[in-house]
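S.K.: Quick note, the sequences are listed as chains A and B, same order. Numbers 1 to 235, taken from this note's numbering, label the letters of the first sequence in order. Numbers 236 to 530, taken from this note's numbering, label the letters of the second sequence in order.
Honestly, I wouldn't trust all of these hints.
[Said to hold, decoys possible] Listed next, the in silico DSSO-like pairs over lysine-lysine satisfying Cα-Cα at most 30 Å (straight line): (1) A:K182 to A:K68; (2) A:K200 to A:K183; (3) A:K68 to A:K135; (4) A:K77 to B:K499; (5) A:K77 to A:K182; (6) A:K135 to B:K362.
[Said to hold, decoys possible] One side only, chain B facing chain A, incomplete, derived with CB under 10 Å: (7) A410; (8) E417; (9) T420; (10) Q423; (11) A424; (12) R528.
Derived from the structure by calculation, the hints contain no laboratory data. All figures in this text were calculated on a predicted structure; none of them were measured in a lab. Beta carbons are placed, not taken as given, at the ideal position from N, Cα and C, and that holds for glycine.
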Amino acid sequence: MSNAPLLEIRGLNAWYGESHVLHGVDLDIREGETVTLLGRNGAGKTTTLRAIMGILRRREGVIRLRGKDLIGLPLHKVAQAGIGYVPEERGIFASLNVAENLMLPPNVAESGMSLDEIYTLFPNLHERRSSQGTKLSGGEQQMLAIARILRTGARIILLDEPTEGLAPVIVQRIGDVLVALKKRGMTILLVEQNFRFARKVADRFYLMEDGRMVNSFPGHELDARMDELHEVLGV
Amino acid sequence: MNTIFGVPTPALYGQILIGLINGSFYAMLSLGLAVIFGLLRVINFAHGAQYMLGAFAAYLLLTYVGIGYWPALIVAPLIVGAVAIVIERFMLRRLYGIDPLYGLLLTFGLALILEGAFRHWFGAAGKPYAPPAELTGALNLGFMFMPIYRGWVVVASLFICVGTWLLIEKTRLGAYLRAATENATLVQAFGVNVPLLLTLTYGLGAALAALAGVLAAPIYQVSPLMGSNLIIIVFAVVVVGGMGSILGAIVTGYVLGVLEGLTKVFYPEASSIVIFVIMAIVLLVRPAGLFGREE
Numbered sequence: 001m002s003n004a005p006l007l008e009i010r011g012l013n014a015w016y017g018e019s020h021v022l023h024g025v026d027l028d029i030r031e032g033e034t035v036t037l038l039g040r041n042g043a044g045k046t047t048t049l050r051a052i053m054g055i056l057r058r059r060e061g062v063i064r065l066r067g068k069d070l071i072g073l074p075l076h077k078v079a080q081a082g083i084g085y086v087p088e089e090r091g092i093f094a095s096l097n098v099a100e101n102l103m104l105p106p107n108v109a110e111s112g113m114s115l116d117e118i119y120t121l122f123p124n125l126h127e128r129r130s131s132q133g134t135k136l137s138g139g140e141q142q143m144l145a146i147a148r149i150l151r152t153g154a155r156i157i158l159l160d161e162p163t164e165g166l167a168p169v170i171v172q173r174i175g176d177v178l179v180a181l182k183k184r185g186m187t188i189l190l191v192e193q194n195f196r197f198a199r200k201v202a203d204r205f206y207l208m209e210d211g212r213m214v215n216s217f218p219g220h221e222l223d224a225r226m227d228e229l230h231e232v233l234g235v
Numbered sequence: 236m237n238t239i240f241g242v243p244t245p246a247l248y249g250q251i252l253i254g255l256i257n258g259s260f261y262a263m264l265s266l267g268l269a270v271i272f273g274l275l276r277v278i279n280f281a282h283g284a285q286y287m288l289g290a291f292a293a294y295l296l297l298t299y300v301g302i303g304y305w306p307a308l309i310v311a312p313l314i315v316g317a318v319a320i321v322i323e324r325f326m327l328r329r330l331y332g333i334d335p336l337y338g339l340l341l342t343f344g345l346a347l348i349l350e351g352a353f354r355h356w357f358g359a360a361g362k363p364y365a366p367p368a369e370l371t372g373a374l375n376l377g378f379m380f381m382p383i384y385r386g387w388v389v390v391a392s393l394f395i396c397v398g399t400w401l402l403i404e405k406t407r408l409g410a411y412l413r414a415a416t417e418n419a420t421l422v423q424a425f426g427v428n429v430p431l432l433l434t435l436t437y438g439l440g441a442a443l444a445a446l447a448g449v450l451a452a453p454i455y456q457v458s459p460l461m462g463s464n465l466i467i468i469v470f471a472v473v474v475v476g477g478m479g480s481i482l483g484a485i486v487t488g489y490v491l492g493v494l495e496g497l498t499k500v501f502y503p504e505a506s507s508i509v510i511f512v513i514m515a516i517v518l519l520v521r522p523a524g525l526f527g528r529e530e
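Whenever a hint applies, use it, and build me the whole structure from the sequences.
M.R.: Pasting the structure below:
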C-alpha cells in the first residue's frame, strides 16, 4: 500500500457562516511529495488549508491522514495527528520572544529537528533568540514560522504563501529551505502565487477556481501549460 | 515628636503600612482578574465573591473540621478553584465568542447569588478568625511597631505576585497562556488543548482570589460582603494598570494602596475617592491604562 496517499481529501465542502466556500474538493498528497495549490485570490486555497486544519469548523466530506479521519477531531487533535500549519499571516506572537515562539508548538512526533539543526538551518533565529518575536523582519518571521513546525516532528506541513511580500533574496532563501526539507522526505502542501518559486519545489500542481478543484498536473508540465494558467489565473 | 509636613511620623508610617496591606490585596485580586480577562476576555465580577469564599472556606474548615490557618492556605484555594472550574465548564464556556457583556452578567449574577446565600446562612455580621499563634504579636522596627501578621501578609502577597508573574513570563505553560491571549485559535491549531487551558486559567484566577481571602480573614472579618466592598476598588486598579496587563495589575495594586494610605494622612476627606480620581485621570490621558498596550 505504499501508493496510498498520506493525506486524502474527498468531496470536501466548507462554509463560512451561511456562505458555501468549498465545493467537493478532492486532493491527494503522497508521502514525501510537494503539492502546490494555484488559483486567484478568493479561489479557496487558504480556505482549503484552514478546513484541513479544522480552524474552519463547518465542513463535510472526508479528510484522512494515513487513513485516520480528521473531520471528527477537535482542533488541537489535528496537529497531534501530525500536521503542521504555517499561516499566511505567519502568526508570530508579540508577547513571546523568538526562542519561546520556536518552542511553542508541542511536539507531535519524536522525529522533529533538534534545536541545533534548526539554528544551523536558520542562523538568524539563533542570533535573535531573545528578541521579541514581532521585532524580526518579515523574512525572519517566515523562517521562524516554518522552523517552529519543523521542531515538532510533523510529517506534513501546510504552507500558506510563504513568499508573500518578501524581497527576492529572502524568497531564494525560503526556496533553499524547502528544497532541503524535500530532501529530508518532508511532505509539503504549498499555497503559492509565485510560479517561479513553486516550480523549483512542486512535484504536482492543483488548480482551484471558485472553491472547486478544476485541474491537476505534474510539475514538469508547468511550462507547457503556462498560457492556459495565465488565462485561468489572470496574471 | 518627629513630624513630616506637620504629620507625626508614627501616624505616617502607620498609614503607609495600612496602605501596603490594602495594596497587597488590590494586587493579588487585580492580578487574578487580569489573568482571567487576558485569556478568557471575561470580566469576572464573581472575583470578590471568590475572595469571600476563600475566607469563608478557611473559617468553616477551622470551625467544623478543625483545619487551621496553614493548611487552609492550600485547601481553601483548591476548593474555590474547583468550584470555579465547574462554573467555567458548565456555564462560562457557553459564552465565549459572544459579546463580553454576557460573561460579565453571568459572573455578576453568580456573585449576587453567592453573597446572598452566605448572608442567608451566616448573617451579614463578620465572623472573627484568629491569626495563627506563630504570627501574633508585634515587631519593633525602631521607628514603629508592626503587627507580625500584617508584615506576613505583605511579604506573602509579594511572593504570590512574583510567583504568578514568573509562572506566566518564564514557563512553558505561561508561554501557552500569553500566546493564546493573542491568538487562541492558532495556539490550538498547533496542538495545545486551549479549552483545558481556559478552564485551568479560570480555576487559577479564582484560587488566587481565595488565597487572598484566607490571608485577609484574620485582618478583616470574615463576612459575606467583604468581597463586594473590595471588588469595586480592584476594578479601578485593573483599569489604571491596563486591562489584561499582569505587571500593571501588580504594580498598580501596591502603588494605589500606598497612595490611598498617604491620602488618609494628608487629606482624609479624599481617601475613599482618591483611587477613582486617579482612574478618571488615567482614562482621560491613557485609556489603555498605565501598562496596557494600545490596540
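S.K.: Determine for every hint whether it applies to the structure shown.
M.R.: Hint check results:
Between K182 of chain A and K68 of chain A the alpha-carbon distance is near 24 Å, which keeps this suggested pair within the 30 Å criterion. The suggested pairing of K200 of chain A with K183 of chain A holds, with an alpha-carbon distance near 13 Å, which does not exceed 30 Å. Taking the CA atoms of K68 of chain A and K135 of chain A, the gap is near 39 Å; set against the 30 Å cutoff, the hint is violated. A C-alpha spacing of about 56 Å is found between K77 of chain A and K499 of chain B, which places the hinted pair above 30 Å, so the restraint is violated.
Restraint check for K77 of chain A and K182 of chain A: the C-alpha separation of about 25 Å stays at or below 30 Å, so the hint holds. Pair hint K135 of chain A plus K362 of chain B does not hold up; C-alpha atoms about 54 Å apart against a cutoff of 30 Å. The interface hint given for A410 of chain B holds, since its Cβ lies 5 Å from the closest Cβ of chain A, which is under the 10 Å cut-off. At about 5 Å, the closest approach between the beta carbon of E417 of chain B and any beta carbon in chain A falls short of 10 Å, and the interface hint on this residue holds.
Given the 10 Å rule on beta carbons, the hint for T420 of chain B holds: about 6 Å separates it from the nearest Cβ of chain A. Interface hint at Q423 of chain B: satisfied, since its Cβ lies 5 Å from the closest Cβ of chain A, which is below the 10 Å cut-off. Checking A424 of chain B against chain A by beta carbon gives a least distance of about 5 Å; that is within 10 Å, so the hint holds. Satisfaction of the interface hint for R528 of chain B is found here, the shortest Cβ-Cβ separation to chain A being roughly 9 Å, below the 10 Å cut-off.
Of the hints listed earlier, those the structure fails to meet are numbers 3, 4, 6, in rising order.
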